[in-house]
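Undergrad: When you get a sec, could you build the whole thing from the sequences and use the hints?
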Amino acid sequence: MWRRAATAALSLGVGAGAVAVASSEDPAATLKVCTHLPPRLLRDSVTAATIAFDYKWSLWGLEPGTPAWQSAKHDTHLRSANRLQELCFRNGGIYIKLGQHIAQLEYVVPEEYVQTMRESMLKRCPVSSYEEVRQVFAKDLGESPETVFAEFDPVPLASASLAQVHAARTHDGQKVAVKVQHDHLTDTSVVDIATVDLLVNALHYIFPTFDYRWLVDEVRESAPKELDFLNEAKNSEKCLDNFRRLSPHIAGSIYAPKVYWNLSTSRILTMEFMDAKEVTDVHGIKAIGIHPVDVSNLVSKAFAEMIFKHGFVHCDPHAANMMVRPMPQDSRKSFGWKRPQLVLLDHGLYKELDYTTRISYASLWKALVFADEKAIKENSVKLGAGEDLHALFAGVLTMRPWQRVIDPSLDHLVLDRKNTDYSELQNYASLYFSEISELLRRLPRVILLMLKTNDCLRAVNHALVGGTSLESFMIIGRVSSEAVLDAKRMSQRSFLNRLMIWMDEVTLEARFFSLKLMLCFMQLRKLLPS
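Numbering (mature numbering (1 follows the signal peptide of the UniProt record, and there is no 0)), first residue to last: -24 to -1, 1 to 506.
Please note that a few of the clues may not be correct.
The following label-pair restraints were derived from C-beta to C-beta distances [to be verified]:
1. Arg465 to Ala263: 42 to 48 angstroms
2. Pro15 to Gln111: 21 to 27 angstroms
3. Asn58 to Phe488: 45 to 51 angstroms
4. Glu354 to Gly37: 40 to 46 angstroms
5. Asn58 to Asp480: 51 to 57 angstroms
6. Gly312 to Val103: 39 to 45 angstroms
Calculated from the structure, these hints are not laboratory results. Bear in mind that the values here come from a model prediction, so they are computed numbers and not experimental data. Positions of the beta carbon are idealized from the N, C-alpha and C atoms, including for glycine.
TA: And the structure:
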């Protein structure tokens, strides 16, 4: 078995290297890069073989579901996650991006993998030397950074898996942030994706229930787009345009840095420098007069609008990609707090939901918020989960056990990470590994990215308000309901149908009004002494 894997690895590596050299704009540089292919491939093969052998050996002879099996599986998950983490760091590039994907798939992959990747993948990214930065400038703009800009700080402000950001000043005195791609990533990505594909397919061959090939397919599709910074710039402008056209009521509260097109290429992106706080910097946000709850609600509104109304969604909203500042030129305050403006960064990874998928997804979330069991099942089936896995799909989306999902109480979806439900959900990926793998195989890839987006937003809200808030679910319920009503208006134009839609709208408003009263009552009770 291992001999077949090694032979496949060598064949795939040689083929991938040849493709990379042939398709590159700089064959000499790519050939140099491909000399690193054999050791990378060897590391991949050894890691895959070691992980596979560890699972086989550690679980040998143990009865599934027993305490001994659970303990051995936890330890094996942890060892394997650490091996995968080390592989990602040693290979870098696309591997770091893969590790970041895994870190944001809570309750979809085993908890040990998520926690291991989450603790490191956003903090230990590679840093290019200044000489490598100068080489990128020379190739793309024909000049050095010192010539292109009046000032250019050689020490990066931050570094990520694909690029790093430097502070600079244009010749007309504007302070800017310059995102520079790590050199040769365009070439190595072809090889990296091929070797990652080998790793995942090898594990699937050995363990048929381990089917995360969709993750490789997603990286293969998204990597070229994320590596094209001009595409990222276009996405940022389209995002703001969507808010102006489709969500004008909150358009002023959403911002993306201005792009300097004349100083940008596919590997260099020059943007307006943002003086703002990271979205999860609670102390910093309070220091500039903004209430964290207002930020949490704004994040929920922004992404609900993108998902349910725009169908064009920023799919990488982790904390480093969102900032907050007071609304410019706005003196209005709410209970002494300034109104926030959400600044969206890193627009490389967007997904478009087609009309049918968008409305089915909106209908599903409306049903989840209102605990409508029939509609949850109906729309889960429409999205591909099937009648047998609709309850699991609802659990993965909400992080709630099925009985809580269909509980009619107002706070049935709220999770404060202190109750017993959280402990139960931590074991979801381990207990239902094969079922989750089957669910992920069935769902459209765009919905898989929505799961990742949900997890990112959940982590941000947890940092801001200590868990998922009732207000955020009310926002999701309202925006998803509005999207469903808009769809009905477009498809049903007779007077009788329009009258029924109007009655639905009145009923919905009455429902939300009662929910607001109940929420105010619950908040008042919390303020009163016990």
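Undergrad: Regarding Arg465 and Ala263, is the given constraint of 42 to 48 angstroms on their beta-carbon distance met?
TA: holds (45 angstroms)
Undergrad: So the hint says 45 to 51 angstroms: do the beta-carbon atoms of Asn58 and Phe488 match that?
TA: holds (47 angstroms)
Undergrad: Against the range 21 to 27 angstroms, how does the distance between the Cβ atoms of Pro15 and Gln111 compare: consistent or not?
TA: Between Pro15 and Gln111, where Cβ atoms are some 23 angstroms apart, the hint holds.
Undergrad: Could you say whether the range 40 to 46 angstroms given as a hint is met by the Cβ separation of Glu354 and Gly37?
TA: Roughly 44 angstroms apart at Cβ, these two residues keep to the hinted range, so it holds.
Undergrad: Is it true that the C-beta distance of Gly312 to Val103 lies inside 39 to 45 angstroms, as the hint says?
TA: With Cβ atoms ~42 angstroms apart, the hint holds.
Undergrad: Has the hinted range 51 to 57 angstroms been met by the Cβ atoms of Asn58 and Asp480?
TA: Holds - the Cβ-Cβ distance for Asn58 and Asp480, about 53 angstroms, lies within 51 to 57 angstroms.
Checked against the numbered hints above, the structure breaks none of them.
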